[in-house]
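Now that you have both chains on their own, put them together as the hints suggest.
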Amino acid sequence: MADEVILLDYWPSMFGMRTKMALAEKGVSYEYIETDPWIKTPLLIEMNPIHKKIPVLIHKGKPICESLIQLEYIDEVWSGTYPMLPSDPYQKAQARFWADFIDKKFYDPSWKVWGTNGEEQVAAKKELLEHFKALETELGDKTYYGGEVFGFLDIALMGYYSWFKAMEKFGEFSIETEFPKLTEWTKRCLERESVVKALTDSDKILEYAYVLRKKFGAE
Amino acid sequence: MVTGDVKLIGSWASVFVMRARIALNLKSISYEFLQETYGTKSELLLKSNPVHKKMPVLIHADKPVCESNIIVQYIDEAWSSYGPSILPSQPYDNAIARFWAAYVDDKWFIALRSILTARGEEEKKAAIAEVEERTDHLEKAFMECSNGKPFFNGDHIGYLDIALGSFLGWWKVVELDANHILLDETKTPSLFQWAERFCNDPDVKPLMPETTKLAEFARKLFPKPQA
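In the order they appear, the protein sequences are chains A and B. Residues 52 to 270 in my numbering are what the first sequence lists, from first letter to last. Residues 651 to 877 in my numbering are what the second sequence lists, from first letter to last.
Worth flagging that the hints you see were computed from the coordinates, not collected in a lab. Computed from a prediction, not measured in an experiment: that's the story for all the values here.
So the derived label-pair ranges between C-beta atoms look like this:
(1) B:I760 <-> A:A185: 18 to 28 Å
(2) A:H102 <-> B:K837: 18 to 28 Å
(3) B:Q843 <-> A:T228: 55 to 65 Å
(4) A:K113 <-> B:S692: 41 to 51 Å
(5) A:D252 <-> B:R763: 33 to 43 Å
(6) B:K697 <-> A:E97: 39 to 49 Å
(7) B:S730 <-> A:T228: 38 to 48 Å
(8) B:E866 <-> A:K103: 32 to 42 Å
(9) B:T861 <-> A:W62: 49 to 59 Å
(10) A:Y158 <-> B:E693: 23 to 33 Å
(11) B:S730 <-> A:V173: 46 to 56 Å
(12) A:E270 <-> B:S730: 46 to 56 Å
(13) B:E772 <-> A:E242: 50 to 60 Å
(14) B:R763 <-> A:K113: 27 to 37 Å
By construction, the Cβ of each residue, glycine as well, lies at the ideal position given by its N, Cα and C atoms.
Chain B extracted, bound-state conformation (with noise of 0.2 Å):
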C-alpha cells in the first residue's frame, strides 16, 4: 500500500527499530528501509535527531519522529484508518498499556542489558536475579492486561506486546550468553506462551532476527574480557 513518503533509518539488529517496523507492519505501510552501518552515524541520522543522535528515526514526509514508542503511537494516529488499532481505546487500557511499556524500557531491559555486562560470577547471579523479578511482574501484567485472550493487547498484538516482544531475539541471545532460562515455561507460563504466538504473528516472523547471527552481532556489541 503506497501511502507517501515514509523512510525509517534503522538496523536489523536493533530492538527499538522493530517496533517501528512491526507497527508499519500492522499498517501495511511500505517504507525505505536506511540500514545504519555498524560503528557509523549516518549524516541522515544526525540531522534528523540531532538531540539523541539515535535510531530508530521515521521520517515521514520529510519530518522526523524519534524515540520508538513515540513512533509507534504516532504510526498509530496518522494512519489510524489503516489496519488495526495499536494502542488501547480506552483511556485506562491505554494508561495500563503505557505504564508497563515504559517499565520494559526503564527497569526490565537495564536488568536485561546488565546480564551482558556482568564482570563475574556475582554480578551475573544478581543480575539474572533481578530479570526473574521483573519478569514475573511482567507476567502478572499480562494476565492484567490480556484479560483471557493471547496478546497483552486483546486479540491482535498492540503497543505493550510490540514494545516487549521486539526484545524475544536478545531475550534467548542473553538466555544463551547466561546460560540460564530467562523465559521459563514454568514459571511464566503465559508469558512464555505468548512470546511463542507474538514471534509467529505475520507481521513480526520476518523481522525477527535470527539467534545465531544476533549472538554473534552481541559479541561484538559487548565483548568480553580475554580470560
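So here's chain A without its partners, still in its complex pose (with noise of 0.2 Å):
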C-alpha cells in the first residue's frame, strides 16, 4: 500500500534524492510529500521534533530520520529484493566509513565552494576537492562502489550529483578534468532509472544555488 511509505523531502535536498533512489531501487512505491524545512509544518516537528530536518521517512506512521539510516532501514525491511549493503561484514564497515566521510568531512566544503565567497570559498575548494580525490582514489577501477553492483555508497553519494554543477560553476573546477574515473562512474550510475528519476535538474539547482548565495550574502 503506498500510504505505508511516506516521505517528506525538499526537492533540492542531496539527502531526500538518496532515499528515493533507495525507495526506487527497492521498488517501495510511496506518497511523497513536499516539504520546505525553513517552514517548520506541523507534520515536520511531529515527525522530527529533534532536528525538523527533512528528509523524513514515515513507515506505518513511524518516522525514521537522517538519510544514511534510512537507507539502512529500507535494506532491512524490504531485504527480499537488491541488497544495497554488502553483506561481508568487512565490506559494509567500508561501505559506511565513506558514507560517513562523505557527510562529516565532504558535506561542509561542498557547499561553502557555492555558498561563501573569498578566503573560505579558496578554503573550502581546495578541500573539497581533496575530498574527491579521496572519493576517486576508493573508486579506483571498479564499477560502482559496491563493486559490481550499485549500492549503499554510490546511492550516499550519487545523492550530491544534481548539486556538482553548482560546486563546478562557482568552484571554476571540472570534475570531468580532474577525476575521470568519479565522471565515468556517474555516468554508469545515470544509466539507472530508480538514480534518474531521484535526481532534480542541475540547472534547476543552479538557480537555487544562486538565490541561496545572495542569501548567505556571497553574491
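The structure is reproduced here in C-alpha cells:
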C-alpha cells in the first residue's frame, strides 16, 4: 500500500535524493510530501521534533530520520530484493565508513564552495578537491563503489550529483577534467532509472544556489 | 576465547576507544591493545587510518576498521554467533538506536565538550544549559527505547548504551570542572539509574577510567588559561 510509506522531502535536498533512489531501487511505492524545511510544518515537527529537518521517512506511521539511517532501514525492511549493503561485515564497514566520510568531511566544503566567497571559498575548494580525490581513489577501477553492484555508498554519493554543476560553476573547476574515473562512474549510475528519477535537474539547482548565495551574503 | 588476529589501537582515556573495547568484551574477543602515547601518532595508526588519523582502529586479520560506531557494528556482525546481539534485531529499533547514537556524537558530545573549552562564565553557563537540554532529550530517548527494561537495548547493554555510556567517565570529569551536576537524579532519574547499571556491568567496569586520573588527563588536554 502506497500510504504505508511517506517521504517528507524538499526538492533540492541531496539527502532526500538518496532516500528516493533507495526506495526506487527496492521498488517501494510511497507518498511524496514536498516539505520546505525553512517552514516548520506541524507534520515535520511531529515527525522530526529533534532536528526538524528533511528527509523524514514515515513507515506505518513511524518516522525514521537521517538519510543514511533511512538507507539502512530500507535495506533491512525490504531485504528480499536488491541488497544495498554488502553481506560481508568488512565490506559493510568500508561502505559505512565512506558514507560517514561524505557527510562528515565532504558535505561542508561541498556547500561552502558555492555558498561563500573570498578566503572561505578558496579554502573550501581546496578541501573539496582533496575529498573528491579520496573518493575517486576509493572507487579505483571498480564499476561501482559496491563492486559489481550499485549499492549503499553509490547512493550516498550520487545523492550529491545534482549539486555538482553548482560546485563546478562557483568553484571554477571541472569534475570531468580532475576526476575522470569518478565521472565515468556517474555516467554508469545515470543509466539507472532510480537515479535519474530521484535527481533534480542540475540547472534548477544552479539557479537555487544563486538564490542561496544572495541569501547568505556571498553575492 | 581465541578468535583470530585482533588488535585495537587506542588509549585508556578515549570514549571512542572504550566503545570498541566494551563491544569486544561483550563478545568475549581477546585482542592486543596497542596503546597510543599522548601527543604522538604511531606509524601503525597513520597507516591504518590515513583518512582521519584517529583512534580507535580495529585491525582484524590485518584489515583496519575505523570510526567507533562503525567498529561496534562490525564487531556485532563479524562475531554474530558470539555473545549477545549488540544492535537491536528489528529494523525500526535499529534506526532509533542509530539516530540517538548519532545525536550523542553530533549534538550532545559537542555541547559537553564546549563546557571544557568555554572561555568565561557566560560561555560556560550557555554550554551547561545546552547540555541539560540535550540530556533531557536523552532521558526521553531512554524511556522510548528501553520500554521498562534496564538498558536502552533492553535486558542487556547494546549499541546505544555503549555509544552514550562510554562518556560516563568524562561526564563526571566535566561535572567537576563545571562545578555543576550534569546527570541529575531528580531531573533525569531514568538516565541516572541507567548510568549506575551501565558502569557496574561486568563488561564495562574494568574499562571505566578512574575519575581522578581522567581529570588530571583532562587538564592536559584542555589547559585552562593562566589567571
